[in-house]
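Enquirer: Take the two lone chains and join them into the complex the hints point to.
Residue numbers (this note's numbering), protein chains in the order written: chain A, 1 to 328; chain B, 1 to 542.
Note that these hints are calculated values from the structure, not bench results. Computed from a predicted structure; not experimentally measured. We put the beta carbon where it would ideally sit given N, CA and C, even for glycine. You can take every hint at face value.
Computed Cβ-Cβ distance ranges for the label pairs, DEER-style:
(1) ALA263(A) x ASN380(B): 26 to 36 Å
(2) GLU401(B) x GLU37(A): 51 to 61 Å
(3) GLU174(B) x ARG239(A): 19 to 29 Å
(4) LEU132(A) x GLU174(B): 28 to 38 Å
(5) ILE325(A) x GLU174(B): 34 to 44 Å
(6) ASP340(B) x LYS136(A): 51 to 61 Å
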Amino acid sequence: MNRSSKILRYVSRRLIQGIPIILAIVVLNFFLLNLAEGDAVDVLAGEAGSATPEYMEEMRKKFGLDKPLPVQLAVYLKNVIQLDLGYSFRHDMQVTELIIDRFWPTLILMVSTILLAVGFGILLGLFAAINLNTWKDSVVSVFALITYATPLFWVGLMMIILFSIKNDWFPTSGMENSAMFYEGFERVKDIAHHLVLPTITLSLFYLALYTRMMRASMLEQYGQDYVITARAKGVSERRITFVHVLRNALLPVVTMAGVQVGALIGGSVIVESVFAWPGLGMLAFESLFARDLNLLLGIFLLSSALVVAVNLVVDVVYCFLDPRIEVN
Amino acid sequence: MTDKLLQISNLDIVLPEGSERDLAVKDLNIDLSPGETLCIVGESGSGKSLTARALMGLLPAPHVRVEKGTISFCGEDLTKASEPRMRQIRGSEISMIFQEPMTALNPVMTIGVQIDEVFRYHADMSKSERRQRAIELLEDVQLPDPKQIVAAYPHELSGGQRQRAMIAMALALEPKILIADEPTTALDVTTQAQILKLISEMQTIHKSGVLFITHDFGVVADIADRVVVMQYGNVVETGTVDKVLNKPEHPYTKALIASVPSLVPRAPRSRSDQVVLSGDKIQKKFGGGKSLFGLGKPNRFVHAVKDVTLDLRRGETLGVVGESGSGKSTLARCIIRLLDSDSGNIMLDDVDIRALNRAEMRPLRTKIQMVFQDPFASLNPRIKVGQIISQGPIIQGQSKEKAESRARELLDIVGLDERAFNRYPHEFSGGQRQRIGIARALALDPEILVADEPVSALDVSIQAQILELLDQIRESMNLSMVFITHDLRVAAQVCDRLAVMRYGEIVETGATGKIFENPQHSYTKDLLAAVPGQKWDRKVAG
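Bound-form chain B, shown alone (with noise of 0.2 Å):
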């Protein structure tokens, strides 16, 4: 087994005293061969973030550190390597890229002096030449004007060409064995599809082997040439990607896959003709406030939402999708006004919202309804969970008792124990807190829900009995929904309608199915190109 570039035999990595579970990782083994890659695949808490940093030998010890089994990176034992060794390997041997572009780059220093480093602690390079290769390596990832980029600060960058960067800078000295830790999760859908083209290309240059994690199948489906699949820390199978994607073994491999949203749209429901809800040229600008007493340049200001237009029927479910900075989600919070749109009509029913202030709007918030993005940060952490849910309808005149025992109700509508009900947000997981954001807003007997990328904070399967949840009281309920969501995926499985936005405009509207099969204007074709494990879709559809 010589020609391996890494074999991990037994490994177990102990968590602190007091945590869920004893151990992060147990008894894994994985190799790795020249030019391969292999995808490690999970959910979150399943171990394959340590298990990178363990060989990397970036464990945050001592809480958590190796107790047992080998890394063995070209012979050599990393368990048992100096650090000034590891610190050695790290950078020219072993590099990494993560998930956050823009956190994991230092944002006082240049692009230039942060690539520079590398070669400073690796390669007897003069500065000039340092410089030199630093612009090359940007040129390699095709960032425009790399003499320039070499002198930028992070911010000044996009996120894929910040993620670019870090890829200059993780393959600055030919690594062996390349680590990219769910590079793409924070990027758009068509930036990702570069970056995953531009890690393949650059692995056929420097034939290093790529360990590749990430939760997302569709990936998995392009890049990986084996794949493990972990779970609580154990492996629960490993093998080709055809074999794991195709014939998976596992339970848990089967039930992940089977979560995984397919790209083809369900059937079309039929549909009433009734508009609840209409918005006629909507129009939201940021900034471009003037600075004290007039003085100066006016500043800059960001065309958020321009003149959209769009109607939504009753129990239908209208998918609005686009990328990071589309105008999605100011478009949202203006049509149940949490924004104040700057012109047009919002028509609820035959009231025209955008003009009612505070008070005049207060009654009619009963009847539109969002669900928010972050299970995490939209519930207040001080409040109790019967609270939360039950405080809506108290405000709209309902009394306590009866406005908490349909708090208990929409508990169990939503799927959770009534024991809920004195319980404080930080007690559930995600998905959980999810679905008490789900109750909130359902408290009110709405007639619209407004769900901004309900999933998008959720693991594959706890995504998949959200969605399954919101279909469920949407048919029970008789809701109108806007969903908002990034992933084209979950649009073809949840949506009738779609309305496509690009730089604030709506570019392209109409049923899912047609959407998907012809798409008209380019935006959505490129949209719908990018959409990772495609060829692995058509394959289980056909």
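Pulled out of the complex, with its shape left as it was, chain A reads as follows (with noise of 0.2 Å):
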């Protein structure tokens, strides 16, 4: 069997094997927001001001959430499995549409922060380890330290006084200009122009780790018998560089921003809320105090299935660089 089909099988194996992991997670989580007091109908209620008791129990009624936990989530489940994730009463929506709708703001910054942190982590590693105990070592390890110790919602909010307040380079919130009714590139410009300031800063903290990482793991392969070899071949330090040591180094790396990815989601609340972001971090955060159990549901279950994704794409890309792997 050749390698293509083999990756191919190995990656139809990974996904089915995600879907009971998805479904435990979606039990797990379930469970886990029980846990917390209090429920939608509390909220809406909290906030119409006056609302008897009698009313309360009606809404819980039409919400389904007076019958027992299991029979809630059995009916949950089944809606899941027929892609239905219900609807959220807090936005007057369906779960899958609201969730979509703000699932691209969040990937375009995801992806755009996870080129930005992994790509100039691996060339200022590079660079540093390149430059090894000279000055410019120096200025890359100072500046990673500098942002790896640093708040995330801090940098956001400096950035915004500097480059949004004091100089008039780039918006201060959102995601484009809607007042503009922008088609096409345009629109395309117009977002781009808005993703500078959130997507520095969520990738800082991570370019600071990307860096420190690959500036490790590239002196780590220096030391190596195989750059000896290399050399008592004549070969060039550059090719050393370049082509025997950088291959092997980044494997650490990928391993690493494929298990971070994750954990973006999680940071990227904090720039969602600083710049008004309209993303799934932002959805989520609301609809947790608002009790919108359904929508955060929905969001966690994409989440998972995401991390699950990326966890394959990182094991694949993987096979491609360290041939010792094998997919099996």
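Expert: Next comes the structure, spelled out in structure tokens:
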């Protein structure tokens, strides 16, 4: 069997294995969320200011919240399997519709963040390792240390002050200028313009992490025997760095990046709040306080599916980077 | 002296400040002619590898560097050559092969690409020419199916195949000098014999000078024309192989040669017939588990120990010999219940210890103890030596005072100073650590000692001392011993009986003398035939 069909088999098997994992996560989340005091009706009633117990009872009945938990779970699971994530009474919308609406902004933010953090992290780490123990290395290390230690929200606020208020370079918040009704390429440009500050803010921490990892990984690989072999063959230092060492040094960084995609969704809540980015993080945050469990469960389901998918992608990428890893 | 390929004169290599000694290599003078094999012999830390690195201009600069002296290569002083010039020379005129063929090859590049680099940097050839040459080279070093190996990654080859690929790479441009830094140390004895043969064949074809670095006198006897013996960075003796091996002059050379175990088994000792440990049809498989939810094919499994039956009598040493992957270490671990075997019986006196659970096994652990191969990895670096030794008895319920005073006694028995008690393992040398490992095993007053390659990580003179210590202890404590080794020389000197293992099976057992004299199984014959330095042994013995 050749390699590509092996990988295809592997991917399909992993996808099938992912289904029970995601279902287990759904069940776990369901019970966890129901441990919290209060439900959507309490919140709605509280906001309305006056609601009789009879009216609340009626609302619960309407939402299906009066049934025992296991029944609620069974109903929910049955719906999930039919790809129906339920209805958000808070937003008066289908959860699926709502989530997909908010998913794209988050996806854009996440992908640009990962590209920026991993890409620049690798470059900076490489740069520091090549210029080991020179001022260039020190500058990179100090930069990494500072960004590593600075809280995300503070960076976000400072960026807004510096680049939006003092210098009017970037918009302070939102994803696009909806008043302008841009179309096509103009719209892409507008979104990209809005994307700059949130992406930089969210990626700085990870950038520092990957820079440090890449630098350490490069130094470790420089000490390996195969580097001496390459030198003994008369291979140039340039090729040793960029062909021999680099590819080996990338392996741990890729692993780490895969693991952290899940954490990124969590980290995006802060950045989305600071920049009023209409993403999933914000939505999750709001729905938690509104006790909008249907919506929250939907978001969790999507993010767990995302993590499972990203892990799979990382594993496949890894197979190509490291021939020692066998797919089976 | 123009016909010499290489002439090193008065070479000094400095070590960084604060090292054990100032000079790694002091006042070195050696030369090499075309077609000649010069062996540099020495124990670890003698400076033999740094000499090779200096030649290639690959010293770990800036801390280690050539201080004075010249390395004249066909009339050109390499110590003064520029880096671009050195890059030109490396790989084309002087090339090198290394000890560990796994780590010396880049794991994420194919063999073909790695050979290709040599041509790419030194020869003006088209891509298809280079590929053709790479395939030819792999054919020259007798690798099967070169077309496939060109596209293979290092991990897909065996150790011997990897070393062949390394040799192909080193010989790609017919260098004038081939430096081989312990190229067979990591290989099995039968593979070693093949690689040595290959190197000398290649040498005859290409007329290159070979600088062969080794610690193994058997290898020296087989391949060297001339020998340089080094100790602490000094050359203590040089001469033809015949002179150095058979009429050594310097006391260090004499001592080294004396510590090489002889291939002539020592006289068998009288032994009792009382069986202290016996294994019956021991089986152990690794892997073979199912993946999550039982989907897909079950994983591959390795049958590490197959139907092994053996017995150990009181006071004897049973040697288990075999090459890497033969299952000898797994067998040892099964016997002392560090691993659970899949089936069979392991009878310790009258108890089948295979059937015991952890708690039931604990009191019996005092009877059977193990000495490990790697003295660096087998001692916890955060625990003091005294505790390492006394821990076992304390777990078994002895009082702390008693265990500690016994630990001090044991340190004395294994030949260490009492002050070792309050020190950490990293403060000791390899040989001393192995002594600590032995003291730890003895602390529980075992009846049986299982020693898994206890001397293979040690230099030959230290090896001789540790073997002597084990011998003394065995006599004075009437220990029975299972001795695992890949080194038939060591086995000849230590073991009363041998069990030869291959692919998890014992292919032959018998008294050591009988097996050496008259091996029955073809594999045993191959193993014995592959031991280096046999001609020399016969000369010494006869």
